[in-house]
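K.L.:
Chains as they are written, first to last, in UniProt numbering: chain R, 1 to 378; chain Y, 1 to 378.
Just so you know, these hints were derived from the structure itself, not from any lab. Note that the coordinates shown come from a computational prediction; the quantities given were computed from them, not determined experimentally. Ideal Cβ placement from N, Cα and C applies to all residues, glycine included. Among the hints, erroneous ones may be present.
Using C-beta positions, here's what the derived DEER-type ranges look like [unchecked claim]: (1) Lys272(Y) x Asp332(R): 44 to 54 Å; (2) His104(R) x Glu276(Y): 39 to 49 Å; (3) Gly101(R) x Lys272(Y): 44 to 54 Å; (4) Leu7(Y) x His104(R): 28 to 38 Å; (5) Gly180(Y) x Lys208(R): 22 to 32 Å; (6) Glu144(Y) x Thr43(R): 27 to 37 Å; (7) Ile66(R) x Arg87(Y): 23 to 33 Å; (8) Glu264(Y) x Lys208(R): 41 to 51 Å; (9) Glu264(Y) x Asn281(R): 48 to 58 Å; (10) Gly259(R) x Lys286(Y): 49 to 59 Å; (11) Gly42(R) x Glu264(Y): 47 to 57 Å; (12) Lys102(R) x Asp56(Y): 39 to 49 Å; (13) Lys35(R) x Leu7(Y): 25 to 35 Å.
Once the Cα atoms are required to be at most 25 Å apart in a straight line, the calculated SDA-like pairs of lysine to any residue come out as [said to hold, decoys possible]: (14) Lys308(R) x Gly180(Y); (15) Lys63(R) x Arg151(Y); (16) Lys208(R) x Gly180(Y); (17) Lys32(R) x Ala135(Y); (18) Lys260(Y) x Ala182(R); (19) Lys208(R) x Arg87(Y); (20) Lys63(R) x Ala135(Y); (21) Lys65(R) x Arg151(Y); (22) Lys65(R) x Ser136(Y).
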Amino acid sequence: MPTPNGSTPTVSSVLVPAGGEVADINQEIRDKYVKDDKIGEGTYAIVYRAHVKGTGQPVAIKKIKISSASEGITMDSLREIKHLQELRHDNIVNLLDVFVGKSHNIHAVLEFLAGDLEGIIKDKSIVYGTGDIKSWMAMSLRGLWWCHRNFVLHRDIKPNNLLYTMSGVLKIADFGLARSFADPGNENMTSQVVTRWYRPPELLFGAKSYGPAIDVYSLGVVFAELVLRVPWLAASTDMQQLEVIANALGTPTELNWPGVTTLPGYCIPNPDNQLPEVDLNNIRRQFPSMSINGAQLLHGMLRLDPRKRVGAREALESDWFREEPIPTKPQDLPGKKGKEEQEKVGQDLRRRVGHDERLDGGDLDRGKKVARRLNFGL
Amino acid sequence: MEDETYLGSTQYRYFTFTPSKLSQIRQRTNQLATQHLNESIQSAIQAGDLSDSGQDLLEREPLTAEEELKLVSYYITQSVAICDHFRTGSAVKATTLIFLQRIYLRISPLQIHPKTLLLPILYLAFKSENGVTSASWFIRTAAEAGLTITREELLTPEIDLAMNLRWAFQVLHPYRGIEGVKLELLAMQAGTYRGPAGETAPPFEGTRDRIERACGRARILLTGPALCTDVYFLYTPSQIAMAGIWVQDGGLIEYFLGVKIKDEAVRQRLLKVIRECGERHLLATKDAPNPYPGLLLRLPQNGVPISVEIPPELKKEAVRIDKKLFHLKKPLKEAKGKHPPATDTSEEERRAKKRKLEKENRDKDDVFGGGGMIKRKQ
Ligand SMILES: Nc1ncnc2c1ncn2[C@@H]1O[C@H](COP(=O)(O)OP(=O)(O)OP(=O)(O)O)[C@@H](O)[C@H]1O
Ligand SMILES: [Mg+2]
Numbered sequence: 001m002p003t004p005n006g007s008t009p010t011v012s013s014v015l016v017p018a019g020g021e022v023a024d025i026n027q028e029i030r031d032k033y034v035k036d037d038k039i040g041e042g043t044y045a046i047v048y049r050a051h052v053k054g055t056g057q058p059v060a061i062k063k064i065k066i067s068s069a070s071e072g073i074t075m076d077s078l079r080e081i082k083h084l085q086e087l088r089h090d091n092i093v094n095l096l097d098v099f100v101g102k103s104h105n106i107h108a109v110l111e112f113l114a115g116d117l118e119g120i121i122k123d124k125s126i127v128y129g130t131g132d133i134k135s136w137m138a139m140s141l142r143g144l145w146w147c148h149r150n151f152v153l154h155r156d157i158k159p160n161n162l163l164y165t166m167s168g169v170l171k172i173a174d175f176g177l178a179r180s181f182a183d184p185g186n187e188n189m190t191s192q193v194v195t196r197w198y199r200p201p202e203l204l205f206g207a208k209s210y211g212p213a214i215d216v217y218s219l220g221v222v223f224a225e226l227v228l229r230v231p232w233l234a235a236s237t238d239m240q241q242l243e244v245i246a247n248a249l250g251t252p253t254e255l256n257w258p259g260v261t262t263l264p265g266y267c268i269p270n271p272d273n274q275l276p277e278v279d280l281n282n283i284r285r286q287f288p289s290m291s292i293n294g295a296q297l298l299h300g301m302l303r304l305d306p307r308k309r310v311g312a313r314e315a316l317e318s319d320w321f322r323e324e325p326i327p328t329k330p331q332d333l334p335g336k337k338g339k340e341e342q343e344k345v346g347q348d349l350r351r352r353v354g355h356d357e358r359l360d361g362g363d364l365d366r367g368k369k370v371a372r373r374l375n376f377g378l
Numbered sequence: 001m002e003d004e005t006y007l008g009s010t011q012y013r014y015f016t017f018t019p020s021k022l023s024q025i026r027q028r029t030n031q032l033a034t035q036h037l038n039e040s041i042q043s044a045i046q047a048g049d050l051s052d053s054g055q056d057l058l059e060r061e062p063l064t065a066e067e068e069l070k071l072v073s074y075y076i077t078q079s080v081a082i083c084d085h086f087r088t089g090s091a092v093k094a095t096t097l098i099f100l101q102r103i104y105l106r107i108s109p110l111q112i113h114p115k116t117l118l119l120p121i122l123y124l125a126f127k128s129e130n131g132v133t134s135a136s137w138f139i140r141t142a143a144e145a146g147l148t149i150t151r152e153e154l155l156t157p158e159i160d161l162a163m164n165l166r167w168a169f170q171v172l173h174p175y176r177g178i179e180g181v182k183l184e185l186l187a188m189q190a191g192t193y194r195g196p197a198g199e200t201a202p203p204f205e206g207t208r209d210r211i212e213r214a215c216g217r218a219r220i221l222l223t224g225p226a227l228c229t230d231v232y233f234l235y236t237p238s239q240i241a242m243a244g245i246w247v248q249d250g251g252l253i254e255y256f257l258g259v260k261i262k263d264e265a266v267r268q269r270l271l272k273v274i275r276e277c278g279e280r281h282l283l284a285t286k287d288a289p290n291p292y293p294g295l296l297l298r299l300p301q302n303g304v305p306i307s308v309e310i311p312p313e314l315k316k317e318a319v320r321i322d323k324k325l326f327h328l329k330k331p332l333k334e335a336k337g338k339h340p341p342a343t344d345t346s347e348e349e350r351r352a353k354k355r356k357l358e359k360e361n362r363d364k365d366d367v368f369g370g371g372g373m374i375k376r377k378q
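Could you put the whole structure together from the sequences, leaning on the hints where they help?
P.N.:
Here it is, written out as structure tokens:
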């Protein structure tokens, strides 16, 4: 293990296994990849495009920023590595390797992904239809099912965390907020998770104990957004968010959600306009282009009471996936993925970064950053 | 009974061994560390850095692998005490102890003394289980127990610990499985159990109390003494969970498996494993014949008491081994004062050369055992 030059000898110079294998393996892994250009930057990482030295296979390398608050390895990166090490599934981004760089930063090597659903939804030059939405939903649900089966909550499902490969296969990515729910009866989970527009009502009411239904709700909102092509439940404060939800899905009350009034942050968000929980007909009126099976699935994913929401597995069994038009094959899905378009992909990712930076001062992003900070204090 | 989620876990791929493989890893770590220590002393002698330049330094009785195992076992019990002070709860405590065991598979106390790693490992386990407020809180809490550590001492080893854990932070704890078995047993007892094909269970001769008591005691065993044994390296979580109940009440598990597994041969095979885990490890005593003669396992027969209480013999042994360790390393401490330590780059070059030589050997003699270096799907 190299230590920064000039520093006093630290523990790290002796904490190498007797034969030195771990350090050697680290260097072998490091030598396997060649870093190319920077393609993006998130809250806690810089993402580079890279390739495997021998084969030229493209990969993404996520270089974790060292925490300035000196808490050691950041919680985001620890969670991401912890969960991606265990979750091997076609619809979950594949973590290929982890290594420590020369500057002592952690590097996570991920399979290279071509773009994300947010990019597709926003790019008005891309035309897509029900078969395409079905395909993205089916792949998202499969990935989510695998997370939940492994007792992992993603806690940040949204279009820009649903990425796809050059051959169109959707991958759930960004596990920086994920956590395990294997210990039953944990009453001390933070509710400050999930980007606001996709945050379910139980979290907005401050629930300290929750489960897989939170991710199902978020994906339900993504589903609606894929259909409408604009964010569906967009609000700029938590309070407004509750109001927007109450107006679209109904006012949460003891009647439609027994026990909801005991949640720490419970309130009636739209006192002057209290509405019963929406039924299937109402959903059909809001989404007239959807078939009855599609509306039923959406309704099931967006129930106010988390206990009434469908599970990922149950959702996959919906007849909507079996009726015409059947889900599009991944390779036929829209989105840029051809070899000749790879260069463009890089540019698009960069553009999106710029866009994200502009949002930085905005409420949505700030909400998210706060969520992440508080979450460390679990 | 283990499914594909378990087979994909890092616990199975990196940290599950046969008894002889586990023993072999420990022997090899001790051998390599001893060799390394002697090489360092030799070069110090050649450089004239030692006042005592006699060959006798190299002919001292080395620290044996058995002694290393006892010393680490002693520090495992120390770690339990620290966890209790921190009121960590079962998850963090169990993860801490397993991290410690995993790290000292390939690190020898000759390289780094376990006592310097106890707090950094606990800190990492806290983070991994979502439970730490901040490094300052951690340092303060440690200080209340009279354990002083600087922020630097706490955080410097972190990345190396992570690397030695092979970036695998998830530990699958068998105590979590007890609750599931208990609920099923209670349903069987109440006559409400339905198998996958809707079948009912044969009547259970016993009270709810019997089930509650056995499962309660099993939990105490698996969140305490069992963490000082080798069971995590040798058995699957569900085997350990059932063995934990089996040692309290064998009849319960026999009945349970009778309901769950119809195939007589499969059931008998599983029962045999559960019995072995219970008898040889969870219930092991000093006077029983050693079922693994010659193997270096954490067993009372090898002088490693399996208990969270620190027995006076172990304490005495630990003090003796500690002294021996101190004296073995003393010449190096003296040499360090005279000679600047090798720079990191030269150390790296040295290892790069060595690596080439050893690579073939290593491929044959898979140092990581278990799943070895898993070739991940690209
Ligand atoms: N495997 C990948 N292949 C290609 N690009 C990727 C990959 N992973 C991430 N990116 C891109 O890199 C950028 C940064 O990703 P990252 O996950 O670090 O942060 P983010 O999700 O954008 O932001 P935040 O950290 O605030 O959630 C994103 O624009 C993302 O599209
Ligand atoms: Mg993201």
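K.L.:
Hinted pair, alpha-carbon criterion (25 Å max): Lys260(Y), Ala182(R). Please report holds or violated.
P.N.:
Holds, at about 22 Å.
K.L.:
Falls inside 44 to 54 Å, the C-beta gap from Lys272(Y) to Asp332(R)?
P.N.:
52 Å, holds
K.L.:
Could you see if the CB distance from Ile66(R) to Arg87(Y) stays within 23 to 33 Å?
P.N.:
30 Å Cβ-Cβ, so the 23 to 33 Å window holds.
K.L.:
Between the alpha carbons of Lys32(R) and Ala135(Y), is the straight-line distance 25 Å or under?
P.N.:
34 Å, violated
K.L.:
Would the pair Lys208(R) and Gly180(Y) pass a check requiring their Cα atoms to be no farther apart than 25 Å?
P.N.:
23 Å, holds
K.L.:
With the threshold set at 25 Å, check whether the alpha-carbon distance from Lys63(R) to Ala135(Y) stays at or below it.
P.N.:
23 Å, holds
K.L.:
If I claimed the Cβ atoms of Glu264(Y) and Lys208(R) lie 41 to 51 Å apart, would that claim hold in this structure?
P.N.:
At 47 Å between Cβs, range holds.
K.L.:
Do the alpha carbons of Lys63(R) and Arg151(Y) lie within 25 Å of each other, as the hint requires?
P.N.:
With Cα atoms ~23 Å apart, Lys63(R) and Arg151(Y) stay inside 25 Å; holds.
K.L.:
Can the suggested window of 49 to 59 Å be confirmed for the beta-carbon pair Gly259(R) and Lys286(Y)?
P.N.:
The hint (49 to 59 Å, Cβ to Cβ) holds, given that Gly259(R) and Lys286(Y) are roughly 53 Å apart.
K.L.:
The hint says 22 to 32 Å between Gly180(Y) and Lys208(R); measuring C-beta to C-beta, is that right?
P.N.:
Since Gly180(Y) and Lys208(R) have Cβ atoms about 23 Å apart, the given range 22 to 32 Å holds.
K.L.:
Can the restraint linking Lys208(R) and Arg87(Y) be considered satisfied, given a maximum Cα separation of 25 Å?
P.N.:
20 Å, holds
K.L.:
Does the hinted range 39 to 49 Å hold for His104(R) and Glu276(Y) at CB?
P.N.:
44 Å, holds
Violated hint: 17 only; the structure is consistent with all others.
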